[in-house]
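K.L.:
Given next are the chains, with one letter for each unit.
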Amino acid sequence: MEVISNHNWALTVGTFLPLVGVLIMLFIPKAEEALIKSVAIATAIATLAVGIYTMVQFDFGNAGAMQFVAKHDWISVIKSSYYIGIDGISLPLYLLSMVITVLVMIYSWDHVPSPGNPKAFFSLMLILQTGMAGTFIARDLILFFVFFELVLLPMYFMIGVWGGENRQYASLKFFLYTMFGSALMLVAFLALFFKTGAESFSIPFLIEQGVNISRTTQIWIFAGMFVGFAVKVPMFPFHTWLPDAHTQAPTQGSVILAAVLLKLGTYGFVRIAIPVLPEAARAWAPYIGGLAVIGIIYGSLGCLAQTDMKRLIAFSSVAHMGFVMLGISTLTSFGMNAAMFGMVAHGLITGMLFFVAGSVKERYHTLEIKRISGMLLQMPKLGWILGFCAMASLGLPGLAGFWGEFPAILSAYQPAPGLSVNVFRTYMVIAAIGTVFAAAYLLWLFQRIAFGEPAAEFAAGHGHDEDIHDVNKFEWIAWTPLLIAIVVFGVYPQLMFKVLDPAVGVTLKAFGG
Amino acid sequence: MFASDVLVAQNIGFAIIATIMVIGALRVVTTNNVVHAALWLVVVLAGAAAQYVLLAAEFVAITQVLVYIGAVMVLFLFGTMLTRTRIGAESDLNNKNLFFGIFVALTLFVAMAMALNSEFGSEKMPANPAVATTQEISDQIFGPYLLPFWALSFVLLAAVVGAIVLARRD
Amino acid sequence: MLAEATEAALKSGWFLEHAWAIPVIPALSFFLIIFFGKRMPKKGSEFGVASMIGALIFAGGAAFQWIQRVNGAPEEAFVSPVVKTWTWWQNSGITFGIGQHVDGLTVAILLVVAFISTLVQVYSLEYLRGDRRYTHFFASLTLFSAGMLNMVVAENMIQLILGWEIMGLCSFLLIGHWWEEGANSRAALKAFFTTRTGDIGLLTGTAILFFSANEWTTKTLGVSGFSIRGLSSWALSGDPGHAAITMGAIALFIAAIGKSGQFPLHTWLPDAMAGPTPVSSLLHSSTMVVAGVFLVARLYPVFFKGMDILGGSANFIVVIGGITIVIAALLAFVQTDIKKVLAYSTVSQLGYMMMGLGAGAWLPAVFHIFTHAFFKACLFLGAGSISHSSSHHSFEMKKDMGGLRKFMPITFGTWIVSTLALCGVFPFSGFFSKDEIIDNVGHNGYNVFMIVGLAGAFLTAAYMTRATYLTFFGQPRGASAGEHHEEESQDSHAVHDDRADHGHDTHDSHDAHASHGPRESGWLITVPLVILATLALGSGFLNAAPFGEKWENFKKWVEPSAEVVNPTGIAYVVGGVGEARVASDTPTDSTVVEGEDSTVVEDEAHSEMLEATTASGEDTHSSESVHHESPCGTETPEQGVCAAPQLSHAPFKWSKAGLSMLIVLAGFLLSLFVCIQLYEKKNEKFVGLTERNKALGFGYKLLVNKYYLDVLYEKIIVRSIAHPIAGAVYWFNQKVLDGVVNGAGTTAKTIAGWVYRNIDQRVVDGAVNGTGSVAQGAGSALRPVQSGKVNQYGALLFGAAAIGALVLVIVNT
Amino acid sequence: MLVNQFLLLAAVLFCIGVYGVIARKNAVLVLMSIELILNSVNINLLAFSMRNGSLDGHTFALYIIAIAAAEVGVGLAMVLLMYRNRRSIDLDELSEMKG
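Chains as they are written, first to last, in this note's numbering: chain A, 1259 to 1771; chain B, 5 to 174; chain C, 57 to 869; chain D, 2 to 100.
These are computed hints drawn from the structure, not numbers from a lab.
Take the hints with a grain of salt, since some may be wrong.
Here are the simulated lysine-lysine pairs, DSBU-like style, with alpha carbons at most 35 Å apart [claimed, not checked]:
1) A:K1639 <-> C:K94
2) A:K1628 <-> C:K791
3) C:K99 <-> A:K1619
A few chain C positions that, by computed beta-carbon distances, are all more than 12 Å from chain B [as the list claims (entries may be wrong)]:
4) I507
5) V796
6) A861
The structure displayed is predicted, hence computed values, not measured ones.
Every residue, glycine too, gets a C-beta built ideally from N, C-alpha and C.
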């Protein structure tokens, strides 16, 4: 099958278009900042357009099946091929990555963090986009791995160059940590490759062959993948890179990191680890679930101990991804659907929270929760948006967060056959308690920052007046879609479940879930 | 049986030359006198030339003698003289990487030795190889390997120019 | 042909079919207010009021048509609810719906909620005039009502949770309405947080019930295990294992405890008084706190079986209810803030409802929700009217009130009516509900709790007398006497006034008080008061047991009859098929909203149920005549399903009623006597009694400190989690986990250094320089090579190569 | 006559050369060590070409000799320059040339 044909060009184009944009930008002199920005944004929008075209062409009636499949020899020496496709699980994340990139770029129009140099900044974001989109459509392990790693470098530079005071430590930690993870992951992939007769890296093939691997071997291979993905998710106890990375990264970095990069890990579980190695998945599920609930409680408690708004949000990601992983670990369709929904919801909501945090930082030049208060009096709109996101993030029904949280808890009551029911019911209760903690830290944050009188140092006429202005037009443009999406998916979740559910069913064939 | 005598002779020759070469090489890297080092290097190179002969590569051997012992050594000596390094013993020619050097060298050797043994345990050279004639070699060079030859000539040219640019005092 | 007969017999109407619109109207107007409110002439309040009136009209229509439906049906027949669903979400191909489940209970509560909300909004027009967040207030208020209404019409648990949580959110916003004050925002946080704690139960309970019931409901009724209808029938079907249903019931009841301010989670309720008075009145009369009681009433079969109600022994619900009645009533005695008195009285009334439900007195409990809404709303609004017009926004009875009956006749009158209703004096509405509860509790064999109930009635009478006395009798004190206390401007309300955008007019009103002292409030306030008082007086006659069967309309309209009906559900006895079409085909008319539909699931269920239908047809005929032997609740029906447990009703006896009347009267008199002695005559026998008498002193201290529950929650639990534990975890994170990570790095370094200091040095330098130079955007991996001695790097290179080679070789051989 | 004997000899020379490169400080000596390495390579090439009975080895050996000559030329020129700039050819003293 040739790479591009009239019916499957969309994915390839959608994935590599950003690189074209980068090429164009290479020939624009650094000084032409406005031009550079507009080219970058135009590229991103064009990419999104292709993505939307893909969605329109997508056969929703058959969301469980791979669509737009393209397969072509790539590195024939190691039997790796350029094999891409998209189904109900990939589609939302694929689009999410595109949307987020566009919005982040629009936001960056007048928020290029120091030390400036938009050319590099925007190119990195475009490269990042390619990596993210590619990861979600790859159907070949090596291809997946390449995209997976392609994401690392731009993020590393984003943090290392445009980050905060402690950026070098954070970026290096992020890079090495993830590298360490993906090294093990690669080993696991290779092991998988050889154990299945060294014939192909294509995921469908491995799904067929994977079941033949002996149980112990499966468990070991799964261990490798587990570490690789768990670091990315990040799961307790592999999460320590996250707070540093988030705190030090520029706003745009944090948003992309939270909204899409973390999903690469969970996506890896859903797409590769679990369907390929069902036996091992069953064996590992209780431990994954355990780590997940520990992560929920642990992340929440971590939040309560924070004094820095951004760091608090970062820790909340640990807790939320805990819910996602709990859903996945039940190996039931409820859990998986919840997890997939939770990923997108978390992408929208936490992305939004980081946007807000960035704007707060820009206004007050600090994120110390103690120092800020009465934001609703000074910047009502920004304050209420923060409140809205907090509510969405603590899983209020009617907003997107709930549909990632509640079904996950639900699913833990009855995990897939073969898993210990009692263990998972315990998890269910713990997770439910986690929702209370979520309410605690988010409302605490909101109350401290938004309510009350403005702090003296930021009160009118203390030299901050020109900085302290309400949401501006670029922020509105960048945020409105997210806010709308949060409400829409929350009010009518079927929009997404309709797409996810069939694909999840296919993924879980091996479990009769 | 006659052939076997030749083989024995070859082996003995090889052994002697090899020993000399190794000793020479060791002296090159250990002596405290640059000039001595240069002279020991001559020994090694000459030994190498001899080995080439054993390996039925007269032309290369001759080139070796001409180019290396002729040109390169002279260059070295000139270099030594021009930089007025003291003729005679010098105290600190070695830096503190000494032990690390030994460590690396040994590791490498062990690695290679193991590899070689496992690969060519006791494989023999072809009994009486065809001695490569100059004509054959020229056919090679100006035949299939013409392109590398050109590249090489450019390298040489560049080297010459570079050397002049660097060394010329102004 | 049976079908036609049924549909003719069982009317359904446009309003019943469109009851789902009742929550939708306020929800939409919420968005209108948010987006356009500020630009409207009345700052968005018109949207709120209009939408509530709309909802009220719809609710009224629905109620009317429901009554027709019931009257149209033969005696003792089970009148099926009007159920509709549209696909909301799906899992593994099975769709879950959102929709409506309208039956007697639903319409009753809908009516109350819509009615009270409307009055409260009208009242707020005046009460909050000039508030800086006028628009926000109406937005939240409207959304709040939308949440409650949605919860009431909910067709399934998820939808119920939706409404439940939206209410939680709005209560947060409304209680914290004047959030400039730290205290208010803390109270808001406390309310949300406490209810949220209860919600653990709601989530887990839903999960438990869903997975236990889903199979049965899908097979038998063709609805999911979330569906209210499904759960109710399932609970009575004998299918559920006892453990599962008990766990589910307990979990759900924990949620109810949190929401309905039952002991021991009642502590958030008094603090919630920090909100504006209309909010308190809405929260405490008809919405929010009733939600928990409603949950129990809604899923009554589940609790009936799960808690083994009527099983002879006391159960969780009745015990909690009983405790709540007494402790709350006692707390009401030591309050000086009039709103707090009312708050605790609410808690104790909720206790009555819970106790009633727990003792199998379903109807009186529901009826008490109904009546209590009116008089409690009236009392709160009365308190608001006092503080608004007479006491400078102060609620301190002892400091700022007294003798107001002369100045505020209307407020006084309505207050008295409502108080009598609250105390359950004949013929005020409270009598017909509360007394029925006590009566039935005793009738069902819970004698202890009947005594508790009577004690509660006594206490109620006593503390209400005290409050009334302090407020309206005696001499005007403090603000109502015209003095202007400075400390009152610390009062949150005053604070918000000072900062109000239209602050000046409220200031004017301030000075107005100061100048001519207390006066009656404007018509926007008094009219709602009068209406509510009228209802507090009259609403009781909807179910006036004393006057015999024909007066018990509420019972007839609201209480579902415990009949065995055929599994297609929801059908009233004479031929379920047709009605089943009404119940489940209607969505297909309205499927314009959504492509495929839950009916798909339901229909094949029906098809397989058809034969059972005809069978159960006449069989249930026979059971019609002898409905008292209806097996529902006691044993499992052989075929068909039950929709409600069989409950019996205590026959009304004037003797019992008279007894309770006497007790109430005693309460009045005793309390009046004490009040006069204490506040009027300043009789030294009474004044400072608590100081002199150890036991009383201790009790007093205990009450003032609210049984130290707040201390337990805030100081001990929350504080410990928020500070030491979280701190410890974070320390663990930074020191241990991060330590491991960084430790790994450093150990690696030191080992390398131990092998050969130089490599280590270089590597780290290299790395650092590398990143450093990268950070300046000019770096390249080769950068270190130029930063040090050439052959050091040669060394590194070869070293690496050597080791690499060795590894390779070893691996390959 | 074994193949290995030549290869081993080459290996020994190579290692010694490496040692020289690492351990020597004097630029000229480092260059010499490099010569050793190159020669060991040559030996390998020729050994293999004899083993395989092909002439490619010879050709490449010649090329290497040529390149070695060039390298030595340039190298010594640099040494000279270095010496001229700072009166020493001690490589350790190159360390302050940070970019």
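K.L.:
Work down the list of hints and note, for each, if the structure agrees.
P.N.:
Hint check results:
The hinted pair formed by K1639 of chain A and K94 of chain C meets the criterion: a straight-line CA distance of about 13 Å does not exceed 35 Å. For the hint linking K1628 of chain A to K791 of chain C, the alpha-carbon distance of about 24 Å falls within 35 Å, and the restraint holds. A C-alpha spacing of about 33 Å is found between K99 of chain C and K1619 of chain A, which places the hinted pair at or below 35 Å, so the restraint holds. Against chain B, the non-interface label of I507 of chain C holds: every CB pair exceeds 12 Å, the least being about 93 Å.
For V796 of chain C, the requirement that its beta carbon stay farther than 12 Å from each beta carbon of chain B is met, with the minimum near 31 Å. The beta carbon of A861 of chain C sits about 4 Å from the closest Cβ of chain B, which is not more than 12 Å, so the claim that it is off the interface is violated.
In this structure, the one hint that does not hold is number 6.
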